[in-house]
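Number of protein chains: 2
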Amino acid sequence: MKRRDFIKKAGAGSLLAGSVLVSACKGKSQAEVKPAAVAKTDKPLEWKMVTTWPKNFPGLGTGANFLAEQIEAMSGGRIKVKVYGAGELVPAFEIFDAVSSGTAQMGHGSAYYWKGKNEALQFFSTVPFGLTADEMNAWLHHGGGLELWTEAYAPFGLVPMAAGNTGVQMAGWFNKEINSVDDLKGLKMRIPGLGGEVLKRAGGTPVNLPGGELFTAMQSGTIDATEWVNPYNDLAFGFHKVAKLYYYPGWHEPGTTLECMVNKQAFDALPADLQSIVRNAARVANANMLSEYIARNNDALEKLVNEHQVDVRKLPDDVINSLRALSDEVTSELAAKNEQARKIYDSYKSFREKVIKWQNVSERAYLEARG
Amino acid sequence: MKRRDFIKKAGAGSLLAGSVLVSACKGKSQAEVKPAAVAKTDKPLEWKMVTTWPKNFPGLGTGANFLAEQIEAMSGGRIKVKVYGAGELVPAFEIFDAVSSGTAQMGHGSAYYWKGKNEALQFFSTVPFGLTADEMNAWLHHGGGLELWTEAYAPFGLVPMAAGNTGVQMAGWFNKEINSVDDLKGLKMRIPGLGGEVLKRAGGTPVNLPGGELFTAMQSGTIDATEWVNPYNDLAFGFHKVAKLYYYPGWHEPGTTLECMVNKQAFDALPADLQSIVRNAARVANANMLSEYIARNNDALEKLVNEHQVDVRKLPDDVINSLRALSDEVTSELAAKNEQARKIYDSYKSFREKVIKWQNVSERAYLEARG
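Chains as they are written, first to last, in my numbering: chain A, 1 to 371; chain B, 1 to 371.
Please keep in mind that the hints were generated in silico from the structure rather than gathered at the bench.
Note that this is a predicted model, so its numbers are computed, not measured.
Accuracy of the hints is not assured; some may be wrong.
To be verified - If you want the footprint, here are the derived chain B segments under chain A, 3+ residues with CB under 8 Å:
no.	stretch
1	126-137
2	284-291
Claimed, not checked - Between beta-carbon pairs, the in silico distance windows are:
no.	chain 1	residue 1	chain 2	residue 2	range
3	A	E69	B	K80	18 to 28 Å
4	B	K314	A	D328	22 to 32 Å
5	A	N179	B	N360	16 to 26 Å
6	B	K349	A	I356	56 to 66 Å
7	B	G77	A	E69	21 to 31 Å
8	B	G203	A	D317	33 to 43 Å
9	A	K343	B	V305	28 to 38 Å
10	B	N306	A	D317	26 to 36 Å
11	A	I356	B	N179	24 to 34 Å
12	B	A336	A	G221	54 to 64 Å
13	B	K80	A	K357	32 to 42 Å
14	A	T216	B	N360	27 to 37 Å
15	A	N179	B	N338	27 to 37 Å
16	A	E46	B	F215	50 to 60 Å
We put the beta carbon where it would ideally sit given N, CA and C, even for glycine.
So here's chain A without its partners, still in its complex pose (with noise of 0.2 Å):
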């Protein structure tokens, strides 16, 4: 069977138990559905989680096997999660609209990737020094972010949940110094999001590509340079083979939320206890992605050095200077986009602004302290 035709009849089948399956919850409101009627049935729902990422990817792939595993099994497998890979039921960025017409009920990937959709979105994913991953964590749910987002996502007929994060980035991979910020003038690089747009007023070329894309992408020389995520990752995808030069830290990504998007019919068909099954479930995986790479990066990063002779380089102080006040331009910038843009970029200003004053007492003054 020809792979293409694979997808196809693969598509066709989601689309049928997908309407069957909302049909079937479809005009109960969330009190009337009680979970021991549910729990007694013994019909497990069957749920399709399609990604953005190569299937079984270490960290992000797995991350979204993870959410899954911990759905069945804290529901007794009320409910059963089948994890797609970029590609394998629709192609990495169109799971958005899969989710939304509910040919798939759920998704993983990061907001930043659905900027045509919403511009605003991307504050939910990540900002070019913006918040790190638990200010990130600390402003969606208590800092009034996750009201945002859900809020956003409403009109495409999703509910989204933070379920991973990368923790700080690195910078990326190169085949040239980055001396001065002169050396991003002409420059062709993978990043998404704000961050391409930083690069872009530096006078550089942002391309977006998906993960599975990159190697293929700087090998060919289609483009010159490219972030992706961390040592753990980036090892996993080989692009020590196709660049030396390894930079950090990651300004453009700080701390980047992955998002599991549920379908908002079949989220709301769900009884209570099922509910807040899927939004913990999601809440460990948000946890659990970011130990995990805290654990692994460091034996990545020298198996890099080591075995790879990857030259791992600090970007210089005026680099980051110039960046760090392009950043505040094209935030900025993005806020007068539209009004709901406005209203999220007030929330997420506020809350930084706040935030970095704590962690220089907190976090900042100790990782300095114990040297």
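With chain A held as given, fit chain B onto it using these hints.
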């Protein structure tokens, strides 16, 4: 009714309920107990959670409540958890024994409170100049830490889980300036765990008291100084009324893990889905507490400074350097106490060395770049 009588009656009731529940489940292995069967009984388990915190204390006590709520919501009410503040069912520092004996099915505290049982347990709370919150979570969940903790609690019939984190704490409240390490000599300070050992070597007198007794101890002059948690928590206790100098960073507690401990017999008797719900509820509570603190500390700190004239100061570098050297001594000597302590120390130390290297090119480098 006298409070003591109330506690006695509640205690007797709980013992009865506890033994009925345990015997109902006794003898069934995990595989024999089917989730559906439990769901159909419609007889909820009624669990007690004893805590070391004042009832509903912001952050810590509400964190225990949050954990109970998630278990109840995800289980659709199949487990109901009643939370008891310190002293309501048993005193704060007796909850370890209460859960071990089955008087309560769950407890919420922190492992360093139980150093009298085994000094090695302190590694599972926090270590001076040790791991931050994110690093602790990485060690516990992806670095072998939780397995070691499980092993260490097994002789007491307890199953441990991380269920809250304070993040980097403040160094504490003082009535005199700390300008050199000599100023710590003769200081009577409430500071638990390994931090207390370090203070002792610096010439001070560490005291361990439950949180609820600190304000009075400071007011009466029983102690000269106290650390507690962070601005959000410290404001709630009103320490600004009994001291004006508030030092940072919390070198002694850089990311204190709060624990959820479950009576092993009660936990093993649960069907697999409820076990997964309890474990994941703890992980969500673990992440949620840190997020709440990060979101709220700055407002509390500003209130302390602007409304209560608190003087926030950084510990001088040479004090930090002395404390770091003493901390290394204390921690490595702890490893020599027993074989288990050595095993945990080796794991912790090797993880710490690696993760510091990664943080130097990620979180720390980024916080400096952001400015």
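Hint by hint, here is what the structure shows:
no.	hint	in the structure
1	126-137	holds (count 6)
2	284-291	holds (count 6)
3	E69(A) / K80(B): 18 to 28 Å	26 Å, holds
4	K314(B) / D328(A): 22 to 32 Å	28 Å, holds
5	N179(A) / N360(B): 16 to 26 Å	22 Å, holds
6	K349(B) / I356(A): 56 to 66 Å	32 Å, violated
7	G77(B) / E69(A): 21 to 31 Å	24 Å, holds
8	G203(B) / D317(A): 33 to 43 Å	41 Å, holds
9	K343(A) / V305(B): 28 to 38 Å	30 Å, holds
10	N306(B) / D317(A): 26 to 36 Å	34 Å, holds
11	I356(A) / N179(B): 24 to 34 Å	28 Å, holds
12	A336(B) / G221(A): 54 to 64 Å	58 Å, holds
13	K80(B) / K357(A): 32 to 42 Å	41 Å, holds
14	T216(A) / N360(B): 27 to 37 Å	32 Å, holds
15	N179(A) / N338(B): 27 to 37 Å	54 Å, violated
16	E46(A) / F215(B): 50 to 60 Å	56 Å, holds
Going down the numbered hints, you'll see the structure goes against 6, 15, while the others check out.
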